[in-house]
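So the protein lines, in turn, are chains G and U. For the first sequence, full-length UniProt numbering gives the first residue as 1, with consecutive numbering after it. For the second sequence, full-length UniProt numbering gives the first residue as 1, with consecutive numbering after it.
Don't read these hints as lab results, they were simulated from the structure. None of these values were measured; they are calculated from a predicted model. Where is the CB? At the ideal position from N, CA and C, for every residue including glycine. Warning: the hint list may mix true and false statements.
Once the Cα atoms are required to be at most 25 Å apart in a straight line, the calculated DMTMM-like pairs of lysine to aspartate or glutamate come out as [unchecked claim]:
{"no.": "1", "chain 1": "G", "residue 1": "Lys28", "chain 2": "U", "residue 2": "Glu78"}
{"no.": "2", "chain 1": "G", "residue 1": "Lys168", "chain 2": "U", "residue 2": "Glu8"}
{"no.": "3", "chain 1": "G", "residue 1": "Lys5", "chain 2": "U", "residue 2": "Asp119"}
{"no.": "4", "chain 1": "G", "residue 1": "Lys28", "chain 2": "G", "residue 2": "Glu387"}
{"no.": "5", "chain 1": "G", "residue 1": "Lys225", "chain 2": "G", "residue 2": "Asp245"}
Far from chain G by the CB rule (all over 10 Å, computed), these chain U residues [to be verified]:
{"no.": "6", "residue": "Ala30"}
{"no.": "7", "residue": "Ala164"}
{"no.": "8", "residue": "Lys200"}
{"no.": "9", "residue": "Asp322"}
Computed, partial: chain U to chain G, Cβ under 8 Å [as the list claims (entries may be wrong)]:
{"no.": "10", "residue": "Pro65"}
{"no.": "11", "residue": "Arg69"}
{"no.": "12", "residue": "Gly105"}
{"no.": "13", "residue": "Thr278"}
In case you want the letters, here they are:
There are 2 protein chains.
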Amino acid sequence: MAIAKALEASIQGSSLIRAMFEEGERRKIALGPDKVFDFSLGNPVFEPPLAVVEALKTLTQSEQPGTHRYMPNAGYKETRDYIASLMADESGLAFLVGDICMCVGAGGALNVILKCLLDPGDEVIVIRPYFVEYDYYFKNHGGQAVPVLSGPGFQIDLAAIEAAIGPKTKAVLINSPNNPTGVIYDQKALEALGGLLTKKSAELGRVITLISDEPYRALVYDEVKPPCVFNSYNNVILATSSSKDLALPGERIGYLAISPLHQDRALLGQAAPLALRTLGFVNAPALMQRLLPMVKGAKVDIEPYRINRDLLYNHLTSLGLDCVKPQGAFYLFPKCPIADDLLFCEKAQALNLLVVPGRAFGLAGYFRIAYCFQTEMIRRSLPVFTELIKGL
Amino acid sequence: MAIAKALEASIQGSSLIRAMFEEGERRKIALGPDKVFDFSLGNPVFEPPLAVVEALKTLTQSEQPGTHRYMPNAGYKETRDYIASLMADESGLAFLVGDICMCVGAGGALNVILKCLLDPGDEVIVIRPYFVEYDYYFKNHGGQAVPVLSGPGFQIDLAAIEAAIGPKTKAVLINSPNNPTGVIYDQKALEALGGLLTKKSAELGRVITLISDEPYRALVYDEVKPPCVFNSYNNVILATSSSKDLALPGERIGYLAISPLHQDRALLGQAAPLALRTLGFVNAPALMQRLLPMVKGAKVDIEPYRINRDLLYNHLTSLGLDCVKPQGAFYLFPKCPIADDLLFCEKAQALNLLVVPGRAFGLAGYFRIAYCFQTEMIRRSLPVFTELIKGL
Numbered sequence: 001m002a003i004a005k006a007l008e009a010s011i012q013g014s015s016l017i018r019a020m021f022e023e024g025e026r027r028k029i030a031l032g033p034d035k036v037f038d039f040s041l042g043n044p045v046f047e048p049p050l051a052v053v054e055a056l057k058t059l060t061q062s063e064q065p066g067t068h069r070y071m072p073n074a075g076y077k078e079t080r081d082y083i084a085s086l087m088a089d090e091s092g093l094a095f096l097v098g099d100i101c102m103c104v105g106a107g108g109a110l111n112v113i114l115k116c117l118l119d120p121g122d123e124v125i126v127i128r129p130y131f132v133e134y135d136y137y138f139k140n141h142g143g144q145a146v147p148v149l150s151g152p153g154f155q156i157d158l159a160a161i162e163a164a165i166g167p168k169t170k171a172v173l174i175n176s177p178n179n180p181t182g183v184i185y186d187q188k189a190l191e192a193l194g195g196l197l198t199k200k201s202a203e204l205g206r207v208i209t210l211i212s213d214e215p216y217r218a219l220v221y222d223e224v225k226p227p228c229v230f231n232s233y234n235n236v237i238l239a240t241s242s243s244k245d246l247a248l249p250g251e252r253i254g255y256l257a258i259s260p261l262h263q264d265r266a267l268l269g270q271a272a273p274l275a276l277r278t279l280g281f282v283n284a285p286a287l288m289q290r291l292l293p294m295v296k297g298a299k300v301d302i303e304p305y306r307i308n309r310d311l312l313y314n315h316l317t318s319l320g321l322d323c324v325k326p327q328g329a330f331y332l333f334p335k336c337p338i339a340d341d342l343l344f345c346e347k348a349q350a351l352n353l354l355v356v357p358g359r360a361f362g363l364a365g366y367f368r369i370a371y372c373f374q375t376e377m378i379r380r381s382l383p384v385f386t387e388l389i390k391g392l
Numbered sequence: 001m002a003i004a005k006a007l008e009a010s011i012q013g014s015s016l017i018r019a020m021f022e023e024g025e026r027r028k029i030a031l032g033p034d035k036v037f038d039f040s041l042g043n044p045v046f047e048p049p050l051a052v053v054e055a056l057k058t059l060t061q062s063e064q065p066g067t068h069r070y071m072p073n074a075g076y077k078e079t080r081d082y083i084a085s086l087m088a089d090e091s092g093l094a095f096l097v098g099d100i101c102m103c104v105g106a107g108g109a110l111n112v113i114l115k116c117l118l119d120p121g122d123e124v125i126v127i128r129p130y131f132v133e134y135d136y137y138f139k140n141h142g143g144q145a146v147p148v149l150s151g152p153g154f155q156i157d158l159a160a161i162e163a164a165i166g167p168k169t170k171a172v173l174i175n176s177p178n179n180p181t182g183v184i185y186d187q188k189a190l191e192a193l194g195g196l197l198t199k200k201s202a203e204l205g206r207v208i209t210l211i212s213d214e215p216y217r218a219l220v221y222d223e224v225k226p227p228c229v230f231n232s233y234n235n236v237i238l239a240t241s242s243s244k245d246l247a248l249p250g251e252r253i254g255y256l257a258i259s260p261l262h263q264d265r266a267l268l269g270q271a272a273p274l275a276l277r278t279l280g281f282v283n284a285p286a287l288m289q290r291l292l293p294m295v296k297g298a299k300v301d302i303e304p305y306r307i308n309r310d311l312l313y314n315h316l317t318s319l320g321l322d323c324v325k326p327q328g329a330f331y332l333f334p335k336c337p338i339a340d341d342l343l344f345c346e347k348a349q350a351l352n353l354l355v356v357p358g359r360a361f362g363l364a365g366y367f368r369i370a371y372c373f374q375t376e377m378i379r380r381s382l383p384v385f386t387e388l389i390k391g392l
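Turn these sequences into a full structure, and let the hints steer you where they fit.
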């Protein structure tokens, strides 16, 4: 066998959930896509804002020489200046071009950050439930996840994090607005976390970096404004993308931003483009880098998301399901009415409802519904959810 | 210090050559870009073929719904079918969609392949001189480079490769047309290598995969046709990109192709998209994936490259430099007329000629000239090369 043992294990390890996805795909082909309610993937059906579509036309109609060439690994200066000014406006801190590295999506940005930070055996604290890909990302760089259960309402359990911090802790990774729960950490929660990390970094004589994964930042409801993570702690690196706010997930455009207050600001500013290069990303896609400064302020219409959230949340809670109301992102993470989340999702699938078991996010007994789809499909699914819950 | 020790070492390790690049950049700013002859980077100044420019206009003028959404990690079926048919035409083998995984450039493709193949401690044989990034790529996945010196004319030294193969050998990585030498391995050389790998795989009871990195495949001169690697050995994976043939290096579009004859074909076809996802690439940029089947047969005009090669090759050999005449790619790799390649490159830099010391490619005593630039600049540089060589 030529294949790496670790990857072979990954293929087999994900087989239960993959089998479920494949069965879903088979059903779509057999029954027709409109007969299957696929809430399993966070792949929005909505199109990018008009400003994005127009800017792409402009860029390709009057192509400047050199549009598709290599640029410095960290990205075009104009694009990085633009992102630095966004970060400065948001945080009040003096972000410079060297603090920004354009990346291949937020997943790419997280891998660059982890490559910059992790020595073999280093630990990264994550809050359960969490995006399943994080585990792979840590392992890519010799790191180890230390999952800490969230507190009530999926909020940060500060005491649990304090208990998990040890001499190998290199970073804490948070994701707000959160996938899979949709919760947002408020200013007070972030400040408390920042205070803890300041205290523990001093105690351990070792900088603990707070990595903030924020691709859903622009997708918030009910006039909630997510606080700025750079104002809660000094040693912060932010990872994000335009996948959700500009609906460009397939184009792989994102960035990382190093806090001007990070103790290793200058070294990290050198390390990030080197990691980007040596991991094989090389640079963020050129055309999409040029696009960003042209579409300042543009974002997808979040009203369809809010309508979807309300429809599903109201319906599921009316059926007696225990569910935290999401303030952002486009996921619901209700408690399963039966203990076994895998069995629950199989029963849902038998009714052509595709949802993801909570164990895929490190928290069994729950399930995730993505609601970034046409409202019409959501409406049609409601009686099927009723049938599912009543039939248990 | 928050930064990973390995990355800190990389920053420091590349400092000599980086300092040289930085000095070059300073000179360009101080003296004006036309006063500095920068042959250091393989970043072509030529524009993509007209067909590419037109196809990008078409794609963005009449954007179809879903153009920028996620697709399956391996890429659009249409694009993969198109690549599979190209590979089938070239090799006469029955490539299917599952053998192709669209990637983020060839650097991304190589990292996906290495992630699929390498267990910690596994060795990959490379032929010196070689693209310096390979060492990083191997280390990313716990692997180890085993560099083997090339034979006369930078060709494959089969005996040296045979001697280097051992129980930890997982792959041999070749690059033809070659960076930095411009040489091409012919059919006979590839068949001999294939024969050796078949024999050694059987002896060791372990598949040795031949990884062929071919981004320069379309850039060949003098009517040379590079042979098809898939016809020389069964266990082959090819990595390539559209960076050079379509002049799209900044857009990060490439792919890997698994030989239908590879012993682990099916498993590798599953492993590659999983590795692509878990490494944080997720998928190749969507718009560029759509572009490829629209521009079948398009490639950059290689005539300017040939003119540049001839100008430089003829001039340098007339000055007495020992240089293998490149048959492809856009690099020359002459022997330094003094033993110390770093000192030689510093002397060149003092005359505003920027070239890269051979030690950056694992072979001290040589230097690399990239010639993917305006012929006018090449012409102006010739007297400066004369001054440099005569002044030693």
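Each hint tested on the structure:
This hinted pair checks out: G:Lys28 and U:Glu78 have alpha carbons roughly 19 Å apart, not beyond 25 Å. For the suggested pair G:Lys168 and U:Glu8, the alpha carbons sit about 18 Å apart, so the restraint of at most 25 Å is met. Taken as a hint, the G:Lys5 and U:Asp119 pair is honoured in the structure, with Cα atoms around 6 Å apart against an allowance of 25 Å. For the hint pairing G:Lys28 with G:Glu387, the CA-to-CA distance comes to about 20 Å; that is within 25 Å, so the pair holds.
Taken as a hint, the G:Lys225 and G:Asp245 pair is honoured in the structure, with Cα atoms around 15 Å apart against an allowance of 25 Å. Every C-beta of chain G lies more than 10 Å from that of U:Ala30, the closest at about 18 Å, which supports listing it as non-interface. Even its closest Cβ contact with chain G, about 18 Å, leaves U:Ala164 beyond 10 Å, as expected for a residue assigned away from the interface. Against chain G, the non-interface label of U:Lys200 holds: every CB pair exceeds 10 Å, the least being about 14 Å.
Look at U:Asp322: its CB is around 30 Å from the nearest CB on chain G, clear of 10 Å, so calling it non-interface holds up. Nearest Cβ of chain G to the Cβ of U:Pro65: about 6 Å, under the 8 Å cut. The hint holds. Annotation: U:Arg69 was flagged as interfacial toward chain G, and the flag holds, the nearest CB pair being 5 Å apart, inside 8 Å. Annotation: interface hint on U:Gly105 holds; nearest CB of chain G at approximately 6 Å, less than 8 Å.
About 4 Å separates the beta-carbon of U:Thr278 from the nearest beta-carbon of chain G, less than 8 Å, and the hint is met.
In terms of the numbered hints stated before, the structure departs from none.
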